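From first to last, the protein sequence lines stand for chains A, B, C and D.
Residue numbers are given in the numbering used here: position 151 of the first sequence equals residue 151, and the series is strictly consecutive.
Residue numbers are given in the numbering used here: position 234 of the second sequence equals residue 234, and the series is strictly consecutive.
Residue numbers are given in the numbering used here: position 159 of the third sequence equals residue 159, and the series is strictly consecutive.
Residue numbers are given in the numbering used here: position 195 of the fourth sequence equals residue 195, and the series is strictly consecutive.
In case anyone wonders, no lab produced these hints; they're calculated from the structure.
It does not matter which identical chain is used: a pair holds within one copy or between any two.
Simulated pairs of lysine-lysine, DSSO-like, Cα-Cα distance not exceeding 27 Å:
no., residue 1, residue 2
1, K91, K264
2, K91, K47
3, K101, K91
These numbers were taken from a predicted model, which means no experiment stands behind them.
4 protein chains.
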Amino acid sequence: MFKSTLRLVQCSFKNELAARNSSTIGFIGIGNMGTHMAGHLVKKGEKVKVFDISQEAAKTVKGAQVCSSPEEVAQNSDIVFTMLPNGDIVKKTLLEDGVLKSLPKKSLLVDSSTIEPSVSQELFNISQENDVRFIDAPVSGGVTGAEAGTLAFMVGGNQEDVEYVKPILLHMGARVFHCGKAGAGQIAKLSNNLILGVCMMGVSEGMNLGIKAGLDPKVLHEIVNVSTGRCWSSETYSPVPNLLPNVPSSNDYKGGFNIRLMSKDLALAERTAVNSETSVPLAATAHQIYRALISNGYGDKDFSVIYKFLSGKK
Amino acid sequence: MFKSTLRLVQCSFKNELAARNSSTIGFIGIGNMGTHMAGHLVKKGEKVKVFDISQEAAKTVKGAQVCSSPEEVAQNSDIVFTMLPNGDIVKKTLLEDGVLKSLPKKSLLVDSSTIEPSVSQELFNISQENDVRFIDAPVSGGVTGAEAGTLAFMVGGNQEDVEYVKPILLHMGARVFHCGKAGAGQIAKLSNNLILGVCMMGVSEGMNLGIKAGLDPKVLHEIVNVSTGRCWSSETYSPVPNLLPNVPSSNDYKGGFNIRLMSKDLALAERTAVNSETSVPLAATAHQIYRALISNGYGDKDFSVIYKFLSGKK
Amino acid sequence: MFKSTLRLVQCSFKNELAARNSSTIGFIGIGNMGTHMAGHLVKKGEKVKVFDISQEAAKTVKGAQVCSSPEEVAQNSDIVFTMLPNGDIVKKTLLEDGVLKSLPKKSLLVDSSTIEPSVSQELFNISQENDVRFIDAPVSGGVTGAEAGTLAFMVGGNQEDVEYVKPILLHMGARVFHCGKAGAGQIAKLSNNLILGVCMMGVSEGMNLGIKAGLDPKVLHEIVNVSTGRCWSSETYSPVPNLLPNVPSSNDYKGGFNIRLMSKDLALAERTAVNSETSVPLAATAHQIYRALISNGYGDKDFSVIYKFLSGKK
Amino acid sequence: MFKSTLRLVQCSFKNELAARNSSTIGFIGIGNMGTHMAGHLVKKGEKVKVFDISQEAAKTVKGAQVCSSPEEVAQNSDIVFTMLPNGDIVKKTLLEDGVLKSLPKKSLLVDSSTIEPSVSQELFNISQENDVRFIDAPVSGGVTGAEAGTLAFMVGGNQEDVEYVKPILLHMGARVFHCGKAGAGQIAKLSNNLILGVCMMGVSEGMNLGIKAGLDPKVLHEIVNVSTGRCWSSETYSPVPNLLPNVPSSNDYKGGFNIRLMSKDLALAERTAVNSETSVPLAATAHQIYRALISNGYGDKDFSVIYKFLSGKK
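Chain A extracted, bound-state conformation (with noise of 0.2 Å):
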């Protein structure tokens, strides 16, 4: 069923990329994410150059050309990534530091920074005008997808686009769903992650409120992942200490998914929601407790240490 109403771009047979002998693939912004994205590029014999403004990062692709600024990445490549912490970083890296003026006409830049939708649709018009193809390419999946190459990437723009760069995205990633056209990839992203965002406070709370209750953990977790609660959330990534083998909670919230991104995330999901004059309240509310949890020092820790808020475990 899924298959056929979502355009995943699965028939890629006949691509050009396959065809290509010697294209060149640029990689702008190398932190915790870009390292691995960068580097399984190169592990799949892709000739890479990157940039970072910290040259000590650069340096951590193995393999790959460190350029000494994103103009230099840009000149010759055929594709350029960006993987930069926000929309204005974008912005001023694509705009002001000369990597569209550089890069080559009908090249195409891959934004796989999670940023507001509608910058994502105003770098896609100035490339057009600029004969630059543009498509936006945030990824779910975390540091860890990163590492294992299993990410999975939400892409908007055009079509042809897509399928072009699908092989390559599939270097880094396990799935890519096209979501509609430019910036239907950042929608889908903040779409899910205000789902998330939710779920996980949810769940938190229903559990501390049986746990403080009596019940015994384990039961009520397995009630709940066969009942009318069961998520994501519940199920894969319980906020509950050592239900799950390898989750944060079970690690003292170390590693995951930081609450500063999911604060991000969901920051950019309300900027969207005024855009377009809607309502979001849990997803409000959720956010800013996540941010007193932050100015209450939770700031390194996964976004499921709400449960370990809200139980009030010291």
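Mind docking chains B, C and D on chain A? Use the hints.
Positioned in the frame of chain A, the structure of chains B, C and D alone reads:
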């Protein structure tokens, strides 16, 4: 995995009840749920006595003996079910209307109403003092599940009592969870429904956000269902019309789980939270918004109507 | 303007009680509030009998007769006050501990506890059936007001009963509001305290926002106090330390109105809201956040400590 | 007390502007507010040049010179006011439409729009680089205050600039608060309006709770106004119809402060909060509920219409 840790009552092979030739089962409260539940008991060959304050309602259970008082139901019954609107009515029925006094010693009271866990615990204690057994056994699955005989029972009480009654519960439902001691069935149900009430609103907000921002509802639905936003409310009960057949949202939010019942469960969850000084911020916000919908004309709708309210579609 | 529309009991010139020579007043519940309230009655020359489950506490009211049971307090008293933690205890004291049965006919019960309005109404009705008069008369002003004798009484019940007891109330307080019939005193108190609980959090959020963004706390405080954000919580009880002398925030949030009491009042307000299907979204959110603070170590502080929590100052 | 700590610009007796014979004042943005504000300047004898994208609108200021572009307004003006819908439009007007380039050196830009504080700070810096002075001076008082000339100006910028322009501001308003350096006017306004938006909803919830539970609206109104729930929203702008004359609630919620404007201010407050990692939970919840009202047909009403929504009165 599930079976090993959850005390599912699997092995009732040598069950007392199975051995009985002529036990009698009482059923008090023949509403939308009770009529189907008692009906299943009759169909499975049990001897059933029923009572409801509406004689009309009581008569809907074909093949059952209609009694003129709760007391009459209790006399000579081995098991008496109650399926009533709230804790005050359950208490009045059992304590003031003579059920507890009229029940044979060692007989079993099964309260399938959804009420405050502390009231279930109180009734368990009073029953014990009267040499009557008591379990709380609220259900999930709604009217549809009651009619189809696929309810899930969440049970609190003594292990031997749960084993004893399990074959009877399975006449009316598909699953029996023994959640812990007295009140634990209520706590488990409320904890789960709290998560449900929050997740449904989260899904409604996220879907509305994406759709208002231009995404195809089908595409977003499918992405969420394979991503971290995945949950029962999205996969099997989507609040967005016409994504799934046979769900209330595709039928003008008719049927399903009434928004008043969700509000009732959230109110009970919050009372339970107050007793243990537990904070449930999203549940409380969700509760009040569901309640605002009731004030604004949505009181007869399924609780997924929150999507319609948020999207402002008339 | 105020006096004309609010049924303040102004003209009690020909007051029965004033004419009495030797009435007796009982006081049950000698806690932080009760000790001061009963003390004022003694100081004003009333003959006072007291009871508390702690004999130690009861003895703190110098000049009062300490009784060994609530029943003993009731015998031969003209008026009996109750000042108890919650509705269940009030009910038990009046109905099970023999107060109602032992009171002389036509005597007056004054419940100054803060409890659910529906319980006040129930007690009014039961009292009437027993030929005893009943009013609910919860107070505002806290321990400070109790000690200073400046409490405000919000009273529900019959007009003649309010007029009868008003001189006695004014021994302990500065104002008496007759809010309506039985329960109306509780409703008025809860409605007001709901607004208070919300405004205090609103002021804390707004002040924290401005101060974090660089404003001088004094300047912002003064602007708010002459602008549309003006409110009691800002003008006379600012949650920001060192803007006002003699408020809890300037004394490490000690004293004042404990966050547990605010949480209790918000819980009662929400129960009252449930009964009338009324939505109180901000109150509910505020309630849960106050409650989360209790779980995180702020349980002994004044409710204005929400500012400290939001600002993250340690 | 107030005057001593708040840097109100009291003693501008020897003011430069007062000494001028023939300064020129520009005014860009002749909407509901601007038409009255510019009109007051004309009435006070100032030489005024105006521009609006609607020539119709610009012509409503009798006695002012209508310009054909923002640039024309700027040329030879000593002071230029902007009163525009949002930060993007202010930036475009000043930076792209030539205002900053055309202004005489040392002249003063006064932005009375309500925009993000960070944008005000950016514009202050750019102006300084161009040897033009800049202050942010958002107003409170609404259209009524603009018409009556009783606005309050909350000003951020250099002390000497505030003193310089104060006599001009007092042509249009009754009070001038110097809140701090660049952006401080915006921060003060947003902080205050956050409190306002929360308190109004709190008052609406509390009044609705009491009235639904049976209290006389007048009695409750008067009790709140002399109790701890006292606030501007209750005392002078009650959301409950027919308690006060001449407020929007008594006129079907027409006029006043539109719910979209309140939503805009809360959105700006939240963005400012995000920048400083500050949590504003009640403001965020209130914001989303106001926004839900817009989606449900209340978009043209005063923000106190929240009472009508909560009470469910049609």
